[in-house]
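Q: So you can see what is in the structure, the chains are spelled out below.
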Amino acid sequence: MLFNSLSFAIFLPIVFFLYWFMPKKTLAKQNVLLLASSYFFYGCWDWRFLFLLIFSTLLDYYTGLKIESATAQNTRKFWFWLSISVNLGFLGIFKYYNFFATSFGDMLSGIGLKVNPWTLKVILPVGISFYTFHGLSYVIDIYKKRISAEKNFVDYSLFVSFFPLLVAGPIERATHLLPQIKRDRKFNYTQAVDGLRQILWGLFKKIVIADQCAEIANVIFNDPSAYRGSTLCMGAILFAFQIYGDFSGYSDIALGTARLFGIDLLRNFAYPYFSRDIAEFWRRWHISLSTWFRDYLYIPLGGSKGGIWLKIRNTFIIFLVSGFWHGANWTFIIWGLLHAIYIMPSIIFNTNRKNLETVAEGKTFPLLKDLVAMAVTFLLVVFAWIFFRAESLTHAVQYISGIFSESLFSMPQKQPRALVAIIILFLIVEWIGRTQQYALASFGLKWPKVLRWTFYYCLIAAIFYFTGPEKQFIYFQF
Amino acid sequence: MKKFLRTLLFFAIPVIFAGVAFEILLRRIPNDYSYKSNFLDKNAKKIEVLFLGNSHVYYGIDPKFIESKSFNASNISQPLDYDLKILEKYQNDWKHLKYVVVPVDYFSLFTRLESGIEAWRVKNYDLYFGMYSNCDPANYFEIVANQTKYNLERLRKYYLHGESDLRIDSLGWGTANHSQNSQDLIESGMVSAKRHRSSSEKRFLKGQINVLQKMADFCKERNIKLILFSSPAYKTYVENLDINQMNKNKQILNTFAASDKTVQYYDLLTDCRFDSVDFYDADHLNEIGAKKLSGIFDSIIKSEPKN
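If you read the protein sequences in the order shown, they are chains A and B.
Under my numbering, think of the first position of the first sequence as 821, with each following residue one higher.
Under my numbering, think of the first position of the second sequence as -9, with each following residue one higher.
Hints were generated in silico from the structure; no laboratory data involved.
One should not assume that every hint holds.
[As the list claims (entries may be wrong)] Here are the simulated SDA-like pairs of lysine to any residue, each with C-alpha atoms no more than 25 Å apart in a straight line:
| id | chain 1 | residue 1 | chain 2 | residue 2 |
| --- | --- | --- | --- | --- |
| 1 | B | LYS(-7) | A | LEU822 |
| 2 | B | LYS139 | A | LEU822 |
| 3 | B | LYS(-8) | A | LEU822 |
| 4 | B | LYS(-8) | A | PHE836 |
| 5 | B | LYS(-8) | A | TRP1267 |
Please read these numbers as outputs of a predicted model, since none were measured by experiment.
Just chain B, same shape as in the assembly (with noise of 0.2 Å):
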């Protein structure tokens, strides 16, 4: 056995010390995760304005073009209680929050960013946010959590091009969709609509409803004002929503709403303010859109009265 164990461990080492090296240098690259983390470690207690949420938010709202100190930290497939657990992370930082402002679109109470394709973005959270997701070990590891071809080509564009993967202004905005580079707005109407159509029905939709109500009674207690909305989507991609899930969708939104005084409702999915123009894909603004919705956001804000 000691030899058996000798020689395991002699031909080891230099694999253990590969995977470690990787598994470092791949951590130190500037990600959206690791910067949005370290944005609210330092700033947490300024901000009166936090946008969380999913890639609609992501790309959809650029904080720049809202008058209050605001910061946008949502993340691609970021759901709902994941949204939740950013809040409950720095609760006692949000010394001058006033808003929170997240979207509840036509997937996000029937889906878990555990159990889809984007499963692999656990990780994010758990070695940038400091969470704690589950037990599985390959959510606390960059090297198994993509393909290594993919890790290789991240370690070249950051160590010999000094290219990160950083895809985010200072204040949280995705800046990659670009209306120079719009998609076809049929073609990914169809796709997403699609893709985000619920295969797994209700499984998911207690468990988020009631994140939900966690988000709306830890806004109360501390007099923060919680805004709901359903994101603009252009129509070719509302066109091919299930219409049994959309009505779903509303539903508990509205009942929702009405139930919470303290919570507001909006839904934006047809709001006819925007148009082509300010699409990158069909759900999906583009920079244009952006600086629309923003400024319909810090317009709802502005016309709230003052504490």
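This is chain A alone, in the form it adopts within the complex (with noise of 0.2 Å):
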């Protein structure tokens, strides 16, 4: 069930209905019936992964509480272990298994032995890399006693599976949804209606700007050779959108849906082109993912602390590890160590919490050096996002060498115009809203109530006119 399909449209008010009408409401029924709708929702996809899922929340559950309860260190540090092994080696099968089988297989052909690897015929269970990453962070954050366990499994069970995140996210942690999950939630209009506007928003973005971005992008990028090196640069862009309001639309929608019963999750997104370094941009784009990985990864390895070569070398690895994360890849695998790279000067002369506030705050109008200073950093992103879509890194460099040449000076083969003019209007939108949680957040509110409801209806339309057969997330397959 696709947050953009009519099934999810039927789904949501029927949920929200029975939650907030249910007869002799009490937390525990709301939560027993937001469980059982988060089951309902991912058994949609593929009923015969619920059992993996309801088997990984039941471990984490359990060694949770062991390892609060086990007086001994070893026996803390054996349900620890056990748990993080095989969180890992679920991920490890379903997602990089045949990976491993097939990279060592062409190694070993490299230096001219034969082997036919065995590969798993499976389907990645959808949503397996966000899920197990909660599960993962319950598990440490008892573990290194920052938490107690959760002794009451429906809550519990609720942090892992909530639906608006299950699938894509934000990763959550067990310190900001779980008392959330535990406290009575009272109805809160301005809540509820700003979770509205939140998925209309979302809606917006994914169906507006990253669906049409991707009709042209995809037809560019599945044939390369066909283009100019202009048209490609084109189509590199036009990913660099749909990509963000592909994720960041989802991520809108799954954060309005959870305003809707009172839940406040982690913000995913914090318009992420417009940073003026790349340690900025990874201060906005995927920040659930990114704090995860600072938290659970960087600090342990050390961090910043112990001098350069060791912040140099925790760098490289979280960023290789994030590469990953996305998908068992090599595609992923130089994304993230590009991104490794432009981050390096930041790193080495410290320079890299420079650009904390929002740019321009307070003002209309950047100043040109924090203009030029966007556009190259949105140039960077763009070009890494180049190995992030590509198929294979033979399919990258056929791309990139097909920017970098002569014809990069001449007129793209596609000209899309009306989206051009639809992305420029949306850029706007989040320019002004940019001090806010998302952009339409504070947009139009100071209208008067008809403007503003003819601009709503207008996102309406617009999402409408666009709509058509439900297209995937792009972070589904992550």
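Hints are included, so try docking the two chains, each in its own frame, into the full complex.
A: Okay, structure coming up:
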């Protein structure tokens, strides 16, 4: 069940009404309803993977309790490593086994040994990377004594499986979500309206921006040899907007949906394409994943303490792991590596926390140097996206060599003027709302109701105009 | 909460109203499915020869060249399970039906409508034939099956210019593939063969063989002859087919026909009676080819001993 499907448009109001209007409403009943709805939501993809989700939930719940109750350090360690290895084991089997097997086979054939690696014919369970990371952070936090183990199984299961975040995040923390699950939730008009507004903006980003960019970007990426450098350059830029619209649109719908149930999820995006350097970009792109890697990998590895070489090593490790997290393909690893290289100057010269505040805060237009910095950062990010989007390294190299040719300075073969106009309007709205949680949060709030509603109807009309057969979200494959 | 619901309702009314109006207007546009469904509702009792199947029959069988009362109930991408659903839907109406002719092509046993790029067509059976495909609500609405800009174009054409979505004649034959605008046979052969190659291997095979068996049983119970055939195609299509998939298809059909005397199978895939002038593209006949193929079936039917 996709967020941009008719099924979800029916499912969500039903759950909403049952949730707020159930007879003799209690928190426990509400949580049971949300959990059942989440399992139904997940089961709509493939009910067989529900068993994996439930098993993973049971494992982390049980090991969490065991770690907390154990007095001996060895026992604590045993339960901790059991949980970590089983969680990562599942991820390894479903997501990475075939990659390692075929890479190993390729390596052997490189030295003249011909082998047919044994690969698995398995489908990647949707959301496995996300819910595994939920579970991992929970168990690590208990082991590090940052939190107590959750005793209530329903509450813990809901933390792992809450449907808005189940398949593509944001990657939640027990410290943030569990207290909300355990607290009585009162309906809040402002929060609910804000949630609907965020859903609307998310749908706009997905259907009007991402899906329309995808139509052109896919054609160009599918056959780069047929296009001039300028067209390929345009294709890469369109993919940058596609992936942003797709993933941040998904996150907006997830956050908005959760707010309808009185729950605030972690923010995942903060206008990343208005970043002035790569460090800022990573504070604004897929925030829940970046902070997860920071807290559970970078800092345990020593973080920025211990000298420049350790800092460089740790930075490379988290970017490579982050790339690998996205998928078992060398293209993702190179994508991560590129970002590690991009960020190096700011790590070495200790300028990675230079741009902490929002660009041109309190001003209408940015300074020229900020504008140049944003453009350079954007182009670096776009270059790295080529690897992210490419099917293979050969494909990426073919694409890039096509860009850097004489034809880069010719007219693109495709000129999607209407789409470019929509993207510019979209960027204007994002720019105006860049200090808010999401661009539409305060956009037009001071306008008369008639004008504001007309604007929302225009957004709905645009969504409706561009809508078509449901299109998957890119991050579902991760 | 009351304030929220009131505001939401007030805000949603124009959206819901527009959506409902759009849906109603779209459904009122005559199309192949609504025509064929209405035709069968009224005339199923009179039909003697029923042609079912995919675009190969849709464009390839012109019932006016069949002497017996016949109707082409095929549709583009219509798979075997939907052929069976049509048969079953009118099960009490086939009073005079003597022959059911169904193509079982290179891809027929390996694909399902719901899982391919043509899945949007499922709604046509739910909406216009009154069938039940599955619980996906998207299959019961016109507005979500296609891109809205395409739907707006349909509305514009019909309500402003009177052009409906009908692409068939009165007996269900698809009239769009005319010899005057034939496609490149080499290019289309490669493209179609690639498109028809099964990626799902044996995932649907068992189910579709089961459908064939049910169809044969259905016909046998009613003393109807089931004629299966492989549609004629141009050599550029045949040469690009996956040999394993093609052989598997033929082997299944030969075995199936051999095990059931009431079922006949004709392999016309490489039939030498068809030449380049008969094809619109490498796997679809034009009006010349359709006349020829219809004539072949007319001869087959005439040569059958009368009961």
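Q: May I ask which of the numbered hints given earlier this structure violates, with the numbers listed in increasing order?
A: Numbers 1, 3, in rising order.
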